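Q: Protein chains in written order, with the working numbering: chain D, 1 to 407; chain A, 1 to 188.
Hints listed in this document are in silico derivations from the structure and should not be mistaken for laboratory results. Please note that the accuracy of each hint is not assured.
[What the hints assert, rightly or not] Taking CB as the label site, the calculated pair distances span: (1) D129/D x D65/A: 31 to 37 Å; (2) E42/D x G57/A: 35 to 41 Å; (3) G57/A x S334/D: 38 to 44 Å; (4) V109/A x G385/D: 28 to 34 Å; (5) H246/D x R67/A: 29 to 35 Å; (6) E252/D x G57/A: 21 to 27 Å; (7) G29/A x D129/D: 41 to 47 Å; (8) D65/A x K247/D: 29 to 35 Å; (9) V168/A x S334/D: 55 to 61 Å; (10) G385/D x S82/A: 26 to 32 Å; (11) P387/D x P165/A: 45 to 51 Å.
[As the list claims (entries may be wrong)] Computed list of lysine to any residue pairs in SDA-like fashion (alpha-carbon distance at most 25 Å, straight line): (12) K384/D x R67/A; (13) K167/A x S46/D; (14) K283/D x A54/A; (15) K283/D x M1/A; (16) K247/D x D59/A; (17) K283/D x P56/A; (18) K384/D x I66/A; (19) K283/D x Q64/A; (20) K286/D x D59/A; (21) K247/D x G29/A; (22) K283/D x E68/A; (23) K286/D x G57/A; (24) K167/A x L5/D; (25) K283/D x D58/A; (26) K221/D x R99/D; (27) K384/D x A87/A; (28) K384/D x Q64/A; (29) K283/D x R67/A; (30) K384/D x V62/A; (31) K247/D x A54/A; (32) K167/A x L43/D; (33) K247/D x V62/A; (34) K247/D x R30/A; (35) K283/D x V62/A; (36) K384/D x E68/A; (37) K283/D x G57/A; (38) K384/D x Y38/A; (39) K384/D x A83/A; (40) K167/A x E38/D.
It should be emphasised that the depicted structure is a prediction, and the values quoted were computed from it without experimental measurement. Virtual Cβ for every residue (Gly too), placed ideally from N, Cα, C.
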Amino acid sequence: MPERLLLTGNHAAAYGAMLSKAEVISAYPITPQTMIVELLSELTASGRMPAKFITVESEHSAMAACVGASSAGARAYTATSGQGLALMHEMLHWAVGARLPIVLTNVSRAMAPGWSIWCDQNDILSQRDVGWMMLFAESVQEAQDFIIWMYRVAEQVFLPGMVGMDAFILSHTAEPLIVHDQDAVDAYLPKFEPLYDLDPAQPRAYGGLVNRDHYFELRYKIYENMDRAGQLLVEAGEEFGDVLGHKYTPLEGYLLDDAEYVFVSAGAMTSNVRQAVRDMREKGIKAGLLRVIAFRPFPIDGIRSILAGRRKVAVLDRNMSAGHSGIFAEEIRSALLGQPDAPPVYGYIVGIGGRDVRVETAMDICDDVLVREEPEMALFVGVKGLPIGPLRKDASIRPLQPLEVMR
Amino acid sequence: MIELRIHGRGGQGAVVASKTLAQAAFQAGRYVQSYPDYGVERRGAPVVAFARIAEPGDDLFVRQDIREPHHLLILDSTLLDSANPLAGLRNGGWVVVNTSDPPDSLGIVPRFRVATVDASEIARRHQLGTAAQPVVNTAILGAFVRATSIVSLDDLLTAIDHEVPVKVEENRMAATEAFEQTQLEVTV
Numbered sequence: 001m002p003e004r005l006l007l008t009g010n011h012a013a014a015y016g017a018m019l020s021k022a023e024v025i026s027a028y029p030i031t032p033q034t035m036i037v038e039l040l041s042e043l044t045a046s047g048r049m050p051a052k053f054i055t056v057e058s059e060h061s062a063m064a065a066c067v068g069a070s071s072a073g074a075r076a077y078t079a080t081s082g083q084g085l086a087l088m089h090e091m092l093h094w095a096v097g098a099r100l101p102i103v104l105t106n107v108s109r110a111m112a113p114g115w116s117i118w119c120d121q122n123d124i125l126s127q128r129d130v131g132w133m134m135l136f137a138e139s140v141q142e143a144q145d146f147i148i149w150m151y152r153v154a155e156q157v158f159l160p161g162m163v164g165m166d167a168f169i170l171s172h173t174a175e176p177l178i179v180h181d182q183d184a185v186d187a188y189l190p191k192f193e194p195l196y197d198l199d200p201a202q203p204r205a206y207g208g209l210v211n212r213d214h215y216f217e218l219r220y221k222i223y224e225n226m227d228r229a230g231q232l233l234v235e236a237g238e239e240f241g242d243v244l245g246h247k248y249t250p251l252e253g254y255l256l257d258d259a260e261y262v263f264v265s266a267g268a269m270t271s272n273v274r275q276a277v278r279d280m281r282e283k284g285i286k287a288g289l290l291r292v293i294a295f296r297p298f299p300i301d302g303i304r305s306i307l308a309g310r311r312k313v314a315v316l317d318r319n320m321s322a323g324h325s326g327i328f329a330e331e332i333r334s335a336l337l338g339q340p341d342a343p344p345v346y347g348y349i350v351g352i353g354g355r356d357v358r359v360e361t362a363m364d365i366c367d368d369v370l371v372r373e374e375p376e377m378a379l380f381v382g383v384k385g386l387p388i389g390p391l392r393k394d395a396s397i398r399p400l401q402p403l404e405v406m407r
Numbered sequence: 001m002i003e004l005r006i007h008g009r010g011g012q013g014a015v016v017a018s019k020t021l022a023q024a025a026f027q028a029g030r031y032v033q034s035y036p037d038y039g040v041e042r043r044g045a046p047v048v049a050f051a052r053i054a055e056p057g058d059d060l061f062v063r064q065d066i067r068e069p070h071h072l073l074i075l076d077s078t079l080l081d082s083a084n085p086l087a088g089l090r091n092g093g094w095v096v097v098n099t100s101d102p103p104d105s106l107g108i109v110p111r112f113r114v115a116t117v118d119a120s121e122i123a124r125r126h127q128l129g130t131a132a133q134p135v136v137n138t139a140i141l142g143a144f145v146r147a148t149s150i151v152s153l154d155d156l157l158t159a160i161d162h163e164v165p166v167k168v169e170e171n172r173m174a175a176t177e178a179f180e181q182t183q184l185e186v187t188v
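Whole structure, please, built from the sequences with the hints as guidance.
A: Structure, rendered in structure tokens:
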């Protein structure tokens, strides 16, 4: 029988790794690490989780150990956060190039300096182009379930995947969690069958030099499998419903049928946007919500068909690519470009460094998007002393001193 | 949806109080959230924790700061003077305070309801924490349950079994005695 427990997102992720029967967990155990691996170390030490727990001296080494474990045919898992994911970056590439279906949880923290334990999504989105699949959880339940869903797809396409969970709002908040029955998870997620073993009796070389006549094809296949993962996420999400009781999809809509104004969100703040969309409906505004769950592969076709013909689209980005726009807004504009009936996309940047994104915040954005005539790349919401709007025009930005003066 | 804020000092058990109360409501079949106000946690420094409890019919849940709680739990009455714990409290809300003083002596304005209990004395008697720094969380929860009836005493005691890591029987007795000894003052 599934168990219902009151647990934090951190502990839910640890349960997700345990239910997935991860065989090797490698982690850096100090800041910015989370309680995910604290619980996993307890579960492995007590024997409840029959896995090898390896503590290492950095996140870079944590991923290197996962690469080794996965190469040897083990299901490997790690967790990190913020700067830790950044330090892991080089080995994230290795996991992709070596085609290893490692899964990690990233607790999304704002990047330092200034140091922060609070959430925004710039840490995980900085890994956009590495070739990892990416899912964004909204609830403690999803922080657990998406790990299982991700392994199911990762091990079919031989690509790694990361699950993003917003720091504090999910990681440190206790909510009801259904811990699935282990037999049911086993039925959903069979034992990992690696393509190749690390077997001294059958020696092979891994990660060697590749000349110009092979590298492009290797990368083409990565792209091809990432593309294929889009459909597999849909299928595996349906199977999740059949076997484990809740269907997951790469995109989720709320009150979209006749919506003229669509609000796009990802991660934990979506709960507040959903409530705001309901409040907008009560005020007679034809509003709807589109939640982006899968960021890589990006569900381009779904986004095009859902957003076509809407009057306006407002994207809430808890991240920013300075010099351009919010990153989800940028991705959605790019998906819509040149499509028939493409709506204008208004980019709103919210909640940087954990600033509270409230139901009222989404209502303020609604008020703004209803009257704003021209779409903007980046509209900032909640910067102290500034109304919702693009960068201030009269900014007294202090010019750099001439070089001689600086010396 | 009922929103609660708990004020205490590092070492008094405010965070466990939030989790235990949420667990009690969760056992009673309600959707809940519990979270601490994350900061630099030191023994004796002010600590804040929060809980949300769904009411029948709530089908959407928010994930945002609690700014206007329905009720407060105050684990150390000196916080009334320094930490502005009443900020944002809704009219008619309960202020449940750990103090040996009666409710009408605290100078809390009449648009709130006040309940008091000497949780420190109860905790000391059951050797919860140390004499200098008693762990008062389970006692104050007993008083909170008495004042608000948001969960039953039985649910609270079961939640204590589940959440409190040590001296479970002593904590159950502390909660029960606090429940019985709470002084209520209704001023609205």
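Q: Hints numbered earlier in the text: which of these fail when held up against the supplied structure?
A: none
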